[in-house]
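Heads up: the protein sequence lines correspond to chains Y and C, in order.
When the count follows this note's numbering, it moves up by one through the first sequence with no breaks and lands on 385 for the last residue.
When the count follows this note's numbering, it moves up by one through the second sequence with no breaks and lands on 271 for the last residue.
Treat each hint with caution, since some may be false.
In silico lysine-lysine, BS3-like type, Cα no more than 30 Å apart, as pairs [said to hold, decoys possible]: (1) K131/Y with K327/Y; (2) K319/Y with K283/Y; (3) K77/C with K228/Y; (4) K84/Y with K283/Y; (5) K319/Y with K228/Y; (6) K347/Y with K319/Y; (7) K124/C with K176/Y; (8) K176/Y with K117/C; (9) K77/C with K207/Y; (10) K143/Y with K319/Y; (11) K84/Y with K77/C; (12) K143/Y with K176/Y; (13) K195/Y with K117/C; (14) K117/C with K285/Y; (15) K143/Y with K117/C; (16) K143/Y with K88/Y; (17) K327/Y with K228/Y; (18) K319/Y with K285/Y; (19) K131/Y with K117/C; (20) K296/Y with K88/Y; (21) K88/Y with K117/C; (22) K77/C with K131/Y; (23) K296/Y with K143/Y; (24) K296/Y with K283/Y; (25) K117/C with K207/Y; (26) K131/Y with K84/Y; (27) K143/Y with K195/Y; (28) K131/Y with K228/Y; (29) K228/Y with K117/C; (30) K283/Y with K124/C; (31) K327/Y with K347/Y; (32) K195/Y with K207/Y; (33) K176/Y with K207/Y; (34) K124/C with K84/Y; (35) K327/Y with K285/Y; (36) K143/Y with K124/C; (37) K131/Y with K285/Y; (38) K84/Y with K296/Y.
Derived from the structure by calculation, the hints contain no laboratory data.
In this text, all values refer to a predicted model and were calculated from it rather than measured experimentally.
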Amino acid sequence: MAVIEMDHVTKTYKSRGKRTVANDDVSLRVDGGEVLGLFGHNGAGKTTIVNQLLGLLRPDKGSLVIAGEDIVKNPNRGRYLCSVQPQSKTPLGELTPRAATRIMAKLRGVSAHEVRERTDELFEKLDIMEWADVPGKELSGGVLRLTGFCMAAICPGKAVILDEPTNDVDPVRRRYLWNAIRGLTRDGTAVLLVTHNIREAESAVDEVAVLDKGKVLVQGNVQQIKAETARNRMKLEATAAAGEEEFAKPDWAEDMKIAEAELTLTFDRTLASEALKWAAEQHRERRLGRYALTEITLEDSYIELVGATKAVSNA
Amino acid sequence: MPRGGQLAYVAELQLRKQASYLVVFTLIMVLIALGVAIGFSYLIPSPEKSEMLYLATGAPTMVLIMTALVTVPMQNAGARLAGYLDFVKSLPVSRKSFLIADVGIWAMVTVPAIIISVFVAHLLFEPGYAVSWMVVPGFVLMVLSSFAIGYGYSFVMQAELAMALSQLIAFTALMFSPINFPIDRLPGWLEAVHQVLPIYHMAEVMRASLAHTTFDADPMSYIILAAWSVIGFFGAIRFLERA
C-alpha cells in the first residue's frame, strides 16, 4: 500500500525575477515496508521534494498524500506523519546524542522505558555508544550525522525521510547504517532515501527514482532498471599502469573509458572469457594493474541514464 | 494550542542546547545592568537624585532591549543560517510552542540582571525606588512587546540584515534613546520617532512600575506596547507557520 504518493507535483522558485523549476511534474510513490532511493545530480530537486512532504514548502501544482492525508491542503500534517533526517547536520549545541534522541522520541509520545531500550539498540547497532553522552559541539561530523539518523529512526511513524544520511560517515559505520535503514522497513514503515552514494545504496533500496533537472527520468524496481540499462552486458574494471594512448579498444568491447588511470570496458557477457584472456595478457605485460570482471552496477546504470540526457541536451 | 507536555520537551531542547551559553548571557546582562545604573553616573559630573533615578530605572529596560532586540535576533539569524530553524520547523509539534518556550527561556535570562541592578542601585544611591504592583503585568507586557519585535524582525528580514540591524539597535538604544534621560532632551523629530517606537514606552512603563511615586506612564504607552506585541508575534508566527 502506498504511504507516500506524489502526483504531478510542480514547484518553481522565484528569486529576483528569475524562475527556477525545481520539480517539474514529479510523480513518486513509496509503499509501506519499502525503501525508495531518490538519486539525482546536485540541484536536481531532491531536497525540494523532501521539504514539500514535510510541509516546509507548498507545491505550485499537483497532489501530495501521506498515509491517506492530503498534505497540500494540510501542510502541517507532513511533519507529524514523517520523521526526517535533514540534509544539513543538526547543530546540537550542548545536547548529547542520547538527550537529543530522547527528546525526539518524547515528542512522538514514546514511553520513557521504550525510549531507553530503543536508544541503546540504535546506538549499539551504529556503534556510537561511546559518544552517547558527549555534547554535540564536541562531536565529529559523522557522529552528528548518525545522531541525526537516530533522531529520525527512534520513532519512525508511517514514513521516514533520510536526506543524504551517509555523508561524513566512515565506511564501517556506513555498513551498519545501511542495515539500520533496511531494518526500518520491517514494521511497514516507508523510507524515502535521498543519496549520492548509489553504489552502497544498491543493496538497501527496493525501488529507484532518478531525478534530472527537476524531472523524474526513470522510476522502477532496482533489478528491472539495471536489466534495462545493462542489457546483457558486463564490465571489466582495471587500473591502467600504462598511459591512455597505449590502449586501443579491443574488438570484443562495446565501449572503453579511461579516466584517472581507471580503465573500464563494457562488453556482451558471452565474450567474458575473451575479456579475461585480454586482461591477463595486459597484466602480464604490466600495462594493467589489478583487474576484475563485474556486473553492471546501479551506479553505472545511473551514470548512463543521466549521461544520455546530457548528450541529448548538448546535441 | 500546543500541548503542555510537548511544550516542556521543546523548552528542554532549547534549554539544553545552549545551557552554558544562557548562563554566560545571564551574567553579561547583570554586567550591562550594573554598567548602566552605576557606570553611566560617571558621565554626569554631580548627579542629582532625580538623574540617578532615571539611570536606576532605565537599567532594567536596557537589559530587556539588549536581550530581546539585540542578543536574541543575533541568535535567530545565526540559527537560520545554520539550518537549525528548518530543523525546528520539521519537528512534530506546534511551531508556536517553539516561540513560547524560547521567549520564556530568554525572559528568565533578564530577571537576575533586573533584580540585582535594582538592589545594588538602591544600596549605593537610594535613588527613590517605589515598586508598584504594576511591575508584574508591566514586565510581562514589556517582555511580550520587546521579544515580539526581536523575533519578528529576525525572522522576517534576511538573516545577514537582521544581524546588522541588531548592532544598530544596540548602539542607538544605549546612546540615543530616552531610556536614561527625559525624552524632551531629544530634538523634535527624534522625539516623534520615539513616540511610535516601543523603546521609550518600555522605559516609561518600567519607570512607573519601579518608582510609581515619581513617575507616571501614559495609558497610551501600554496600548502602543500591546500593539507592537501583536504586530511582532504575528510576523514571527507567520514566518514559522509559512509553508
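Quick rundown of the hints versus the structure:
1. K131/Y with K327/Y: violated (42 Å)
2. K319/Y with K283/Y: Distance of about 33 Å is beyond 30 Å: violated.
3. K77/C with K228/Y: The given pair, whose Cα atoms are some 67 Å apart, is violated under the 30 Å limit.
4. K84/Y with K283/Y: The given pair, whose Cα atoms are some 16 Å apart, holds under the 30 Å limit.
5. K319/Y with K228/Y: Given pair K319/Y, K228/Y is violated - Cα atoms ~51 Å apart, limit 30 Å.
6. K347/Y with K319/Y: OK: K347/Y and K319/Y at ~15 Å, within 30 Å.
7. K124/C with K176/Y: holds (18 Å)
8. K176/Y with K117/C: Between K176/Y and K117/C the Cα gap is close to 17 Å, so the pair holds against 30 Å.
9. K77/C with K207/Y: Outside the cut-off at roughly 49 Å; violated.
10. K143/Y with K319/Y: violated (57 Å)
11. K84/Y with K77/C: violated (59 Å)
12. K143/Y with K176/Y: Holds. K143/Y to K176/Y sits at ~27 Å (cutoff 30 Å).
13. K195/Y with K117/C: holds (29 Å)
14. K117/C with K285/Y: Distance ~27 Å between K117/C and K285/Y Cα, so the pair holds.
15. K143/Y with K117/C: holds (18 Å)
16. K143/Y with K88/Y: holds (27 Å)
17. K327/Y with K228/Y: violated (44 Å)
18. K319/Y with K285/Y: violated (35 Å)
19. K131/Y with K117/C: Distance ~23 Å between K131/Y and K117/C Cα, so the pair holds.
20. K296/Y with K88/Y: violated (37 Å)
21. K88/Y with K117/C: holds (27 Å)
22. K77/C with K131/Y: violated (68 Å)
23. K296/Y with K143/Y: Violated: K296/Y and K143/Y sit about 37 Å apart, past 30 Å.
24. K296/Y with K283/Y: Status holds; Cα separation ~22 Å.
25. K117/C with K207/Y: Holds: K117/C and K207/Y sit about 21 Å apart, inside 30 Å.
26. K131/Y with K84/Y: Status holds; Cα separation ~15 Å.
27. K143/Y with K195/Y: Given pair K143/Y, K195/Y is violated - Cα atoms ~38 Å apart, limit 30 Å.
28. K131/Y with K228/Y: holds (24 Å)
29. K228/Y with K117/C: Holds, at about 19 Å.
30. K283/Y with K124/C: Outside the cut-off at roughly 36 Å; violated.
31. K327/Y with K347/Y: Holds, at roughly 19 Å.
32. K195/Y with K207/Y: holds (23 Å)
33. K176/Y with K207/Y: Between K176/Y and K207/Y the Cα gap is close to 22 Å, so the pair holds against 30 Å.
34. K124/C with K84/Y: holds (28 Å)
35. K327/Y with K285/Y: This hinted pair holds, its Cα atoms lying about 28 Å apart.
36. K143/Y with K124/C: Answer holds: K143/Y to K124/C is near 20 Å, not above 30 Å.
37. K131/Y with K285/Y: holds (14 Å)
38. K84/Y with K296/Y: Given pair K84/Y, K296/Y is violated - Cα atoms ~37 Å apart, limit 30 Å.
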